[in-house]
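**Student:** Chains as they are written, first to last, in our numbering: chain A, 926 to 1278; chain B, 926 to 1278; chain C, 926 to 1278; chain D, 926 to 1278.
Simulated from the structure, these hints should not be mistaken for laboratory data. Predicted model, so just to flag it, every value in this text is computed and none were measured. Cβ coordinates follow ideal geometry from the N, Cα and C atoms, glycine included. Hints are supplied without guarantee of correctness; some may be wrong.
[Claimed, not checked] FRET-style restraints, in silico, Cβ to Cβ:
| no. | chain 1 | residue 1 | chain 2 | residue 2 | range |
| --- | --- | --- | --- | --- | --- |
| 1 | A | R958 | B | H969 | 29 to 37 Å |
| 2 | A | E1050 | B | D970 | 32 to 40 Å |
| 3 | D | A1230 | A | P1277 | 47 to 55 Å |
[What the hints assert, rightly or not] Below, a sample of chain B positions facing chain A; criterion: calculated Cβ distance under 10 Å:
| no. | residue |
| --- | --- |
| 4 | T1000 |
| 5 | N1004 |
| 6 | G1005 |
| 7 | A1014 |
| 8 | W1018 |
| 9 | R1035 |
| 10 | A1047 |
| 11 | P1049 |
| 12 | D1165 |
| 13 | G1237 |
| 14 | W1239 |
Protein chains: 4
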Amino acid sequence: VSTPPPPRKRARDRGVEIGLLPPGPTNTIVDVRGVRVGHATCWHDRAGSAARTGVTAIVPGEIGELFRAPLSAGTAVLNGAGELTGAIAIEEWGTLETPILLTGTPSVGRALDAAVDAVFAAAPEAGDGTEDVMIPVVGECDDSWLDDARARSVRVEDARSAIDAATADPPALGVVGAGTGMISFGCKAGIGSASRLVSALDATVGVLVLANFGELQRLTIAGRAVGRELARSGFTTVPDAPSGSCIVVVATDAPLDGHACTRLARRAGLGLARVGSVGHHGSGEITIAFSTGARAPRRTERPHASRSTVTGAWLDPLFAAVVEATEESVVDALATADTVTGHDGRTAPALPL
Amino acid sequence: VSTPPPPRKRARDRGVEIGLLPPGPTNTIVDVRGVRVGHATCWHDRAGSAARTGVTAIVPGEIGELFRAPLSAGTAVLNGAGELTGAIAIEEWGTLETPILLTGTPSVGRALDAAVDAVFAAAPEAGDGTEDVMIPVVGECDDSWLDDARARSVRVEDARSAIDAATADPPALGVVGAGTGMISFGCKAGIGSASRLVSALDATVGVLVLANFGELQRLTIAGRAVGRELARSGFTTVPDAPSGSCIVVVATDAPLDGHACTRLARRAGLGLARVGSVGHHGSGEITIAFSTGARAPRRTERPHASRSTVTGAWLDPLFAAVVEATEESVVDALATADTVTGHDGRTAPALPL
Amino acid sequence: VSTPPPPRKRARDRGVEIGLLPPGPTNTIVDVRGVRVGHATCWHDRAGSAARTGVTAIVPGEIGELFRAPLSAGTAVLNGAGELTGAIAIEEWGTLETPILLTGTPSVGRALDAAVDAVFAAAPEAGDGTEDVMIPVVGECDDSWLDDARARSVRVEDARSAIDAATADPPALGVVGAGTGMISFGCKAGIGSASRLVSALDATVGVLVLANFGELQRLTIAGRAVGRELARSGFTTVPDAPSGSCIVVVATDAPLDGHACTRLARRAGLGLARVGSVGHHGSGEITIAFSTGARAPRRTERPHASRSTVTGAWLDPLFAAVVEATEESVVDALATADTVTGHDGRTAPALPL
Amino acid sequence: VSTPPPPRKRARDRGVEIGLLPPGPTNTIVDVRGVRVGHATCWHDRAGSAARTGVTAIVPGEIGELFRAPLSAGTAVLNGAGELTGAIAIEEWGTLETPILLTGTPSVGRALDAAVDAVFAAAPEAGDGTEDVMIPVVGECDDSWLDDARARSVRVEDARSAIDAATADPPALGVVGAGTGMISFGCKAGIGSASRLVSALDATVGVLVLANFGELQRLTIAGRAVGRELARSGFTTVPDAPSGSCIVVVATDAPLDGHACTRLARRAGLGLARVGSVGHHGSGEITIAFSTGARAPRRTERPHASRSTVTGAWLDPLFAAVVEATEESVVDALATADTVTGHDGRTAPALPL
């Protein structure tokens, strides 16, 4: 019986340094206080069907509190051949009111279903006819090359498990949770993460990516044209797989309003570009950014609210942090993911580093 | 045992005439050839829990063909406190590749799940690792005032039933399918539909709405301030219910590219305005428009495609048709929906006409 | 020698009542304290060339102060066949830092040039190499049916005159300033204005429109299908003129952030819809909204700012006020504008009321 | 009397190779057949005032023909603290109908005015009351650190000269035209250009940038952290100058519709990211892309048009070409621009290479 490969060494542990800003203590998204991450990995081999998929949950704070006092949030789309449910509402209201789930494309509905359950469990007033209901946030990438997607292995229970498993410990990376079946630059990828400290604002920016995009030739690591070198050396990647995607989750504790979160989200694509994305037609490169430093109560007795937010050019180091942490997160996903053989005997090789 | 009330008379059968363009033969969305509609109504009364919800499916053509040769499509958001899954991909690619499902907010995941099943069943190549997977389109409104939303009555099977039930017959209207628990302008509403013929283009525009928005004072029917009159007369509406929404589905057989569909979608809000929408903060007024007259094969052997599309000022009568048919569809939803008593004894009265 | 016709009676003075909210003292945009309006009208008849054009300036406060501490602002596009310079920056930063000028399409550059002069004169630090420069806001409609547009009658000096002429008195309406050559619904139109009081927020919303859009058949006044009635009666409008547009300027003293201003701006189109807009392909229906109640200093010593803003459903009465005041402003432009004969003997008739 | 420094060697002539695709014959935007470029440089030193500014015109084809049969076009904004007039109309209609002018921020109005003149001269029917007028496209960056912006040295005549000077010869680069006073990464920059051949589509992509953005520390050339190295070596850049920007003009002869042009435009930011942009708050990083391979006649007798366009994943090599050519264009602007001393004795040093 096969099992998921353990994570390989992280990028920074291999000496890869990206950007100018220092990483946080764990160099992952949980460096942003209050952010928890949980995984559920679906991995099995049955006659004619291999499961190589799963769910990853990013839970920014206690779920009931999140519903009652949503966080500032925004989204951005580099290329939109993908899905991030809840994005329309986030753009209108500038708030995030549920956990964020990542999974394989056909499992979006089940992950969304589990998130509704979780919010209903945590907030008894949700959906009781006196309070608005909520629209959970689920992002996806297509893992149907390694996973037998038609078997639909992810169940609602798996998504619930990912939410329940969320802790503030540094998350498992690589071939785990939603990353189990993902491929980037023709190599095995999956979950990557990184963080940056912005001392001028006494703030942290954390990023977690579900990396499933890119072609080997364009892979650039810390400026080096690694992909071109590998291609020339005859390295064999995954053949013509279905189109990839990348969901980027950006967290910060800097107090930001929704529009500032949207602006942060737009910078994630710049980090993807530095690793080699050209925004392929078939790729869903979509970002959600949220601030744990700014809550907007769902109900207010008074018409005016006053909130602190980082303004003007003071945002620039946060923008830089997003670019750096996104770039490193993708490299981290490649660094940590080991070779996986999945459905139909298809094999995605680990990136040689 | 209670049952859903049968539809009341349609707006036009009551002598209400809206706009300048003539309606099609059935004055519903199925006047656009190839468009089918199906409903699944969830209605039951159990101890302490009443179900007043459901699912409505709009199926533009055969599902496998839709996957292989998607239709041109576009979306628009008047106020985004709602959800239309798939919107990000539709805006990027300009195509619709799955059925469109409408349901209550907490049921979005289950409807989406059923749509994945339906596409996998109809297109064996979908999700087999050689072909991209797809992101179904599900729109929602919040029916948690009449429906015991926390009981989560809509099952995946119900959504599948709505898809399976889709026919080219004029759809049931009012208190049915996704419309079962919806409220507009403080009155019972739900599903409404209308169509317009655009002779200059030999084209038809059809609209179907899931109407769940508005306050009585602003209700305007064919220009008449009906809501203000009713309010002055002491008519009692639903008290302060959770925020409403309106999903508008626009279909046309005029050949349009995706961008033109987006432009049509933006006009639906003008129809909502004429009935009395001011785009409430809590309302998700979201539109999807598609053209059955323009298909884009999923795979093309050659880099260039040549497609016929309506251009320039020739679009104007289509824009007008969308405005008129949307306005009439909302009135139709109010006209056909009869009084419903639901969860916790809450009653939404029919609009007196 | 011809002169511009004096304004006819305003809509409300003719007994036309639109909406539910009460108008402010002057029922114009200057009811929002601090907002000033000025016009420069270009009207002359020379051999083979008639000028029927001009410039209107909306100046929200003292110009130097506006540069140093911009107001919150946002924009919206219903149909984008037009121009509002500065819109990209307003959407990014959420602020307005210059006067707003309206004029005929070919004169945008000259109006913009005059606005740069005005800001340079009022703010010596602007453009001195230590402070960012600014991008003025100029909106336009096409008046080239009545005006000899190729003669380019508007000079930079005219635009400066409009700025200099700005006062807090109720503005002249109808055939004046930028409205001199404009046509709506086949009738002479131009500048219209209206305001609404929102008592729950102790706030005022003021709107000024440059109305140059619409076809007679769809003209609706306070719900009545006036245009259809006139068309049936044989009323002769302007023949097939070039495409129209409508620039809407929304002002409020309610404290709003930039995103809330954008949301207000999006509601202006709903007011246009109620008068009969279907968003013609050739029409530039574009809105700018700003709040005099929220300033963001250009430079901040500290990274965090705390600003009061109206939040959540408390925005709803402001949304309603925008819809109502926009609808009435367009009717007001038609009501006040009298018949004008212009270039080449072309005549735009006053709307019979 | 000082004069503008002649261009230094281009990036590729220095051995810098960027990307995987081959450049066209001149490795500039004029490799796209039909595209012409002209400059007008404003350079003078008077008592207390130095002019270091100008205008650059990109003219895609004959101006009258451009008005009568506009090209497909689209725009994108990475960070919107800047201006590109005409962008609203380009996004709505998907077409470009005038030359594109680049200049310093305060000169936008004058450049726009000159473009109106040029179109009126080339198309006698423009603005005659039978045909819509047009909205020229002018992009800007802030050159007020080297230029005495308050002196407003660019006259309408200069902008006309730039248009008149446009030829199909490889354009002058570096300190010329609109690039005269621009600064990037703390070094003198200005106009840069590059091109790429896409053999699979038998197409060329050309890019021209007006580069005025970035901080030295993040400058990356062909993957090498050149900026960090220079900063460590004590290289002295321009001190805290006003915020920068970058306008990117993308041309291709591949037949594209407007939406595809918009998608190309969105990739330019990825090229900027690879050189070191993080999309500063104060930066206007704005792109216009157009296709000389797809014209849409202004007037059509028939409602339907059929146009050939590159579709689906066939767009990917064009996306890659935009990323590569944008990255190289910025490096080219830095490579070719020599040291300039301007207003108030301020000096922007050439990038040591």
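**Student:** Does each hint hold? Answer for all of them.
**Tutor:** Hints versus structure:
1. R958/A - H969/B: 29 to 37 Å: 46 Å, violated
2. E1050/A - D970/B: 32 to 40 Å: 23 Å, violated
3. A1230/D - P1277/A: 47 to 55 Å: Given a distance of about 51 Å, which is inside 47 to 55 Å, the answer is holds.
4. T1000: Holds: closest Cβ of chain A sits about 9 Å from T1000/B, inside 10 Å.
5. N1004: 6 Å, holds
6. G1005: It holds, given that the least Cβ distance between G1005/B and chain A is near 3 Å, below 10 Å.
7. A1014: For A1014/B, the interface hint holds, since the closest Cβ of chain A sits about 6 Å away, which is under 10 Å.
8. W1018: OK, holds: W1018/B within 10 Å of chain A, min 6 Å.
9. R1035: 6 Å, holds
10. A1047: Not OK, violated: A1047/B not within 10 Å of chain A, min 12 Å.
11. P1049: 8 Å, holds
12. D1165: Since the shortest Cβ distance to chain A is 9 Å, the answer is holds.
13. G1237: 26 Å, violated
14. W1239: Violated, because the Cβ-Cβ distance from W1239/B to chain A comes to roughly 28 Å (cut-off 10 Å).
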